[in-house]
Amino acid sequence: MSITYLEAIREAQAHALRDDPRVFIYGQDVGAFGGAFKATKNLAKEYPGRVLDAPISEDAIVGLAVGAAIEGMRPIIEMQFADFSTVGFNQIVNQAATLFWRTQVSCPITVRLPFGGTSGSGPFHSQSLEAIYAHYPGLVVLTPATVEDAYSMLLAAVAIDDPVVFCEHKLLYYHLKADKLPSEALPIGKARIAREGRDLTIVTYSAMLYEAIDAAKELATEGWEIEVVDLRSVKPLDTDTIVASVARTGRLLCVGEAWPWGGVTAEVIARVTAEGYGLLDAPPQRLNAKDTPVPYHPNLWAAHRPTARSVAAAARNLLRQ
Amino acid sequence: MSITYLEAIREAQAHALRDDPRVFIYGQDVGAFGGAFKATKNLAKEYPGRVLDAPISEDAIVGLAVGAAIEGMRPIIEMQFADFSTVGFNQIVNQAATLFWRTQVSCPITVRLPFGGTSGSGPFHSQSLEAIYAHYPGLVVLTPATVEDAYSMLLAAVAIDDPVVFCEHKLLYYHLKADKLPSEALPIGKARIAREGRDLTIVTYSAMLYEAIDAAKELATEGWEIEVVDLRSVKPLDTDTIVASVARTGRLLCVGEAWPWGGVTAEVIARVTAEGYGLLDAPPQRLNAKDTPVPYHPNLWAAHRPTARSVAAAARNLLRQ
Amino acid sequence: MLQTVTGPGPVGQAGALRESHLAAYRFMLRARLLDEKFATLYRAGKIQGGVFLGRGQEALSAATGVSLKKTDVFAPLIRDAAGRMAFGEPILDAVRTYLGSALGPMRGRDGNVHRGRPQQGLLPMISHLGAMISVVNGILFARRLKGIPGSVGAVCLGEGATSTGSFHEALNQAAVEKLPLVLVVANNQYAYSTPNDRQFACADLTDKGVGYGVAAHAVDGTDLSACLEVIGGAVARARAGHGPQLVVASLLRLCGHGEHDDASYIVPKLKNSPLGRDCLKLAEESLQQKQFADAAQFAVWRSEAIREIEEAVAQAQREPAPDPYAEKWEALSTENFNEGQGE
Amino acid sequence: MLQTVTGPGPVGQAGALRESHLAAYRFMLRARLLDEKFATLYRAGKIQGGVFLGRGQEALSAATGVSLKKTDVFAPLIRDAAGRMAFGEPILDAVRTYLGSALGPMRGRDGNVHRGRPQQGLLPMISHLGAMISVVNGILFARRLKGIPGSVGAVCLGEGATSTGSFHEALNQAAVEKLPLVLVVANNQYAYSTPNDRQFACADLTDKGVGYGVAAHAVDGTDLSACLEVIGGAVARARAGHGPQLVVASLLRLCGHGEHDDASYIVPKLKNSPLGRDCLKLAEESLQQKQFADAAQFAVWRSEAIREIEEAVAQAQREPAPDPYAEKWEALSTENFNEGQGE
Ligand SMILES: Cc1ncc(C[n+]2csc(CCOP(=O)(O)OP(=O)(O)O)c2C)c(N)n1
Ligand SMILES: Cc1ncc(C[n+]2csc(CCOP(=O)(O)OP(=O)(O)O)c2C)c(N)n1
Ligand SMILES: [Mg+2]
Ligand SMILES: [Mg+2]
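Residue numbers (my numbering), protein chains in the order written: chain A, 2 to 322; chain B, 2 to 322; chain C, -10 to 332; chain D, -10 to 332.
The following block holds chain A by itself, in its conformation from the complex:
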């Protein structure tokens, strides 16, 4: 058996629907059609009345989920693309994210954001919005990079009593495969050492993990041992694991697919320099997408985002310092 990242997301939802009568799914085309990416394939049939097509009304979609959560349900919302969450933005950041703090009534909603760049998708079907949501208090922002995490973290997201923005990378949907679904997982909020090393730490998450690992492999041929940390969750952020890794390597490169200003990479560096300053043997560096919208054309797209090659180049620079 082999299961893709996308199938894992579908399985997690099936599992949640099966085990928890409070769970329902709401979003555009998620019903009979099974979703734009087929992440809810057959679920409407298997769980009648609990997987429902929504109108093109992102604000009302999220609002409905918050109300249902107040009433004790555990809604899973699918945005057709992360980019469209900007029109449901207010309900996420002001309604869902403030509810518990204001009222002590928790707001267990999961907002699934199919996100990130894919070739040819252009400025409005490629965005990485994890930093936007992480800036607001009251949200948990998850960025699974593996099939196993896609499954276990989505299950965990549904079980969390707080609103979760679940960033699932579209580039990983079909290509990333695992042999089977996991029965155990790291807790939410723990980062993972995806590859061990001692010369430099690359901190990254989601699809960029694979660029980082490829870069590490390339650098291994040059004799460097690169440690790669997969954040898994960008809020909460596991500073301890990062600092411990930097303590071993003395060098830090943060890699993110989002725009540079105030992204995950800036946050990681601000934390490491505050808490683990003495551990660094060289200035911490970051590598992000360029500060423009995500281009449509494959040539431009490939140059807009960090790649194994640009990660390796940045790492080499840093190793030389």
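Honestly, the hints are just simulated from the structure, not real lab data.
Glycine residues also receive a C-beta, built at the ideal position from the N, C-alpha and C atoms.
The reader is advised that the hints may include incorrect statements.
Reference excerpt, derived from the structure (chain C facing chain B, CB under 7 Å, subset only) [unchecked claim]:
hint, residue
1, Ala33
2, Gly34
3, Gln37
4, Ser152
5, Ser182
6, Glu248
7, Pro311
Guided by the hints, dock chains B, C and D with the ligands onto chain A, whose structure is given.
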């Protein structure tokens, strides 16, 4: 004569309307009423047909401004509170911010955001959203801290060919006064040394400037000379001026009123550590609001945001290292 | 948090009518007096943040509150002191929130009109207009999923808020799901200073109903009997499964947008029109005419209400303010996910 | 970028009618053929990103385009190849954008249906549905401020997009400002896979007009003559100062949502209903019946169009792709405000 920060904003708009027929103002209650804060007082009368009340439709308000900009106008949009820009969000970050890059047609709109905490205003009339807008490519994000800058930077904003998010701090509206309006100003994108010092650099912006300056005064009585940098513009961000200051002081404390995750303070630290690492004699630190919504009650509000006292305490800690 | 002010009255339909009128009137009266108290406290500098009054809108608001069951859902807005009390909100919740008592339902985190108790079906508004409607939809939707029948959700709104995208998306959503939503729009002719002709261009706001496939009902918002009848009817229809109901009440706000505002923009023509009549006075006249109550009775109720309000104020003023050192600075309910970074 | 395909015809009203029919038909035909070419290229793996066709919607789209002047404003959507060409978009703009030529109007930065030339009044859509309407409002509003009279702005939309808050806010805004906006809604019964009964609950989408104070017009979207008449009329009314016009066309999309979609969710009942008829075939029948043109003429036009398309494709395929090294990675037009940080 004495002029407030709010009056300076009104004067800048009057000036822009007078000198440039392409300018008009659109927003809720900005017409005969003169705006919720009176930032457009009398302008509808003085410039008939060019200062118009809008319906409660932030999305359409910004959209209209973008269309007018395409047609060569220079609209100024007033959001009643920055917090409500979340429902006009998509038009700002996806329509306005991408237009030039996609089409080479520039989008000279100015979106005025009365922002920041004031006592008793609570979670939805107090937010600081500069980091949210700065994360997106294609926007200029300005945060004037003085009466002079409120005036000259708003005039500059209207003249800029790109969309500007103009963050004007409500706490400064009435209390901050100057003798007269400036005839010259630093260019947009240049930070200002608001106070010179040699022991530690505090980088801050907007209303926090005054907490930083008060902290510096307090620390001066203890023999410390604190340099205070007023960013003025958070995007573009004047890294050079910051690094030059850190080169003089060896210590960096970043202070912001916004939430911590991925805020201006994280961005500043990430830049300084990348570009001026060797200049630091101690780990760079940051001080932000707490990671919760902005509380209503004055007691809580005062503890939620950084104050001269907490800034001084953080600086003292850092000076000891 | 339930309170009832109706004693056992005459039986039958006439009795029920008398009862609902008297109940609603008493909530109107208390709301008016409570609002006046808040205005006084505001002028004395005792209140932080904005004070928003329902003056002129009490009939509509009270009629909404008394038309609901305590198991229903209610999302009031800034002018709904009357409806809140009618739905069961204790005066003390209002007073504590306005005076910043740590014992209020929002514990100083949110204030004034932003109070509520979601678990009792009373939603605390966020400020973004229109945003509460879909939340009420969600509660009604969830109850349907859970097989809990018969609930209605009422949401109050100003006419200005009908211009928001949230209003549109949520009303359409309710119509598609055929939810028992009652949307009560107080058309008080202004949104802050903005007159209706800068807000919408339809001849009448009830014209919006057909475009959503939603029944729409117009009512004279100054007339308590009419409000009780129309809103009561709308609530009954929603409860009976006829889907969302849109009620549009015409009236005038007899005060500023908030207490900081002198409302000088309200044109005399409107003030002097039937819209400008005081619903509380009209209700008193009508109750006397109907022989449901007399002036002496009004006076008794008034002094009872004043006493209750004064007691609540005195109590709240003795209560502690929130303590920032005892405050948990945590936005998430999952304790270990909260981060203190950046402080 | 203007193109005209109408030769000098017979004079008078009958002549104008013939001319507009033939012009529209030729744009329909070209759009159909262009779409088919894109579908073929897509299947051959020659196109990056989604391919969205207007099959079944060409009559409506072409009628919209031919009803506009070149100085008007047009915001097409994903199914408007016909309307775009009728408004003046060269085939080459479409082909270059779909094939990723660096010489296309979006220079590889945006693709496929996201093309346009704002300075020629042709707006390149962002993806967020409903978001273009207020932008068109802004252009019309600005022209009024500048004293440029007589422009109309046409915006195309699917019925699904009527559920967006943006649609609502913008249509209301246009009504309040009495802007010469023509909103053309293609009710093709589905939004992606979502059928109308999950999208809205009004009996007919034209019922929405009255709630905005906007004139609404229904039209059979499969019937070119009807589309020309109704949209032409709506454009004329908008131009004459009667404020926004809402046109709702009933039809069916005769293809998938995009070329990746087999549209298996479209129920046979609809396919076999009058909505499912092919507007292009109907137009040919009608043109023949009206003796405006005959089959031989159609064949000539068809081969002309094919030749033009093939030439454009051949040209675009020879053109360079965008060069990432020559690319300016700058989102702001103010050169020195661009930052390279974080790279
Ligand atoms: C989305 C949004 N934009 C702006 C505001 C600021 N605001 C608060 S109340 C108000 C006017 C509301 O008018 P209306 O809906 O008619 O209610 P009324 O005050 O007349 O009862 C405005 C514009 C807001 N709360 N939400
Ligand atoms: C705000 C927003 N939400 C979701 C989408 C994703 N999306 C793209 S097209 C589409 C369906 C559109 O249906 P309709 O408006 O009826 O147009 P049609 O495709 O039928 O022509 C959806 C949901 C989007 N583009 N914008
Ligand atoms: Mg009003
Ligand atoms: Mg459709």
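> Regarding the hint that Glu248(C) lies at the interface with chain B, is the smallest CB-CB distance below 7 Å?
Replying inline: Since chain B brings no Cβ nearer than about 13 Å to Glu248(C), farther than 7 Å, the hint is violated.
> If you take the shortest Cβ to Cβ gap from Ala33(C) to chain B, is it below 7 Å?
Replying inline: violated, 15 Å
> Under the criterion of a CB-CB separation shorter than 7 Å, is Pro311(C) in contact with chain B as hinted?
Replying inline: With a minimum Cβ separation of about 5 Å from chain B (threshold 7 Å), the hint on Pro311(C) holds.
>> Hint Gly34(C) vs chain B: min CB-CB distance below 7 Å?
In response: violated, 11 Å
>> Holds or violated: the hint that Gln37(C) contacts chain B, with Cβ atoms closer than 7 Å.
In response: holds, 3 Å
>> Please check whether Ser152(C) passes as an interface residue: C-beta within 7 Å of a C-beta belonging to chain B.
In response: holds, 4 Å
>> Ser182(C) was flagged as interface toward chain B. Is the shortest Cβ-Cβ separation under 7 Å?
In response: Constraint on Ser182(C) satisfied, holds at 3 Å.
In summary, the numbered hints that this structure violates are 1, 2 and 6.
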